[in-house]
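S.K.: Could you build the full structure based on these sequences and the hints that come with them?
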Amino acid sequence: MRQTAILKINWENKLKDRKMKMPKKSLKKKSLMKKQWLQKNKKKKQLQKKKHLQKNKTREYKRRLNRI
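Going letter by letter, the sequence shown gives residues 82 to 149 in my numbering.
No lab work stands behind these hints: they were computed from the structure.
Misleading hints may appear alongside valid ones.
[Stated by the list, open to error] Okay, derived cross-link-like pairs now, DSSO-like style, lysine-lysine, Cα gap no bigger than 27 Å in a straight line:
#1 126 with 136
#2 125 with 111
#3 100 with 89
#4 97 with 111
#5 131 with 143
#6 138 with 125
#7 110 with 123
#8 126 with 138
#9 121 with 109
#10 136 with 121
#11 121 with 131
#12 116 with 126
#13 123 with 109
#14 111 with 100
#15 110 with 121
#16 125 with 109
#17 123 with 136
M.R.: Shown next, in the form of structure tokens:
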């Protein structure tokens, strides 16, 4: 009984140590990171759209050339 209590206390102490070592990210930092991530994604999507449009333009151009 006594040994299990000691083991339990040791385990709790280890958990506390881990929690203390782990860096806590503040809410501001998290929200900032999320905003940056969203902006990055937005830019990626815009670039993809541009590329897609350019490809379509070249396809249409080639098609027109073939018709002539």
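S.K.: Now tell me, hint by hint, if it's right for this structure.
M.R.: Comparing the hints with the structure gives:
| no. | hint | result |
| --- | --- | --- |
| 1 | 126 with 136 | 15 Å, holds |
| 2 | 125 with 111 | 21 Å, holds |
| 3 | 100 with 89 | 17 Å, holds |
| 4 | 97 with 111 | 23 Å, holds |
| 5 | 131 with 143 | 18 Å, holds |
| 6 | 138 with 125 | 20 Å, holds |
| 7 | 110 with 123 | 20 Å, holds |
| 8 | 126 with 138 | 18 Å, holds |
| 9 | 121 with 109 | 18 Å, holds |
| 10 | 136 with 121 | 23 Å, holds |
| 11 | 121 with 131 | 15 Å, holds |
| 12 | 116 with 126 | 15 Å, holds |
| 13 | 123 with 109 | 21 Å, holds |
| 14 | 111 with 100 | 18 Å, holds |
| 15 | 110 with 121 | 16 Å, holds |
| 16 | 125 with 109 | 24 Å, holds |
| 17 | 123 with 136 | 20 Å, holds |
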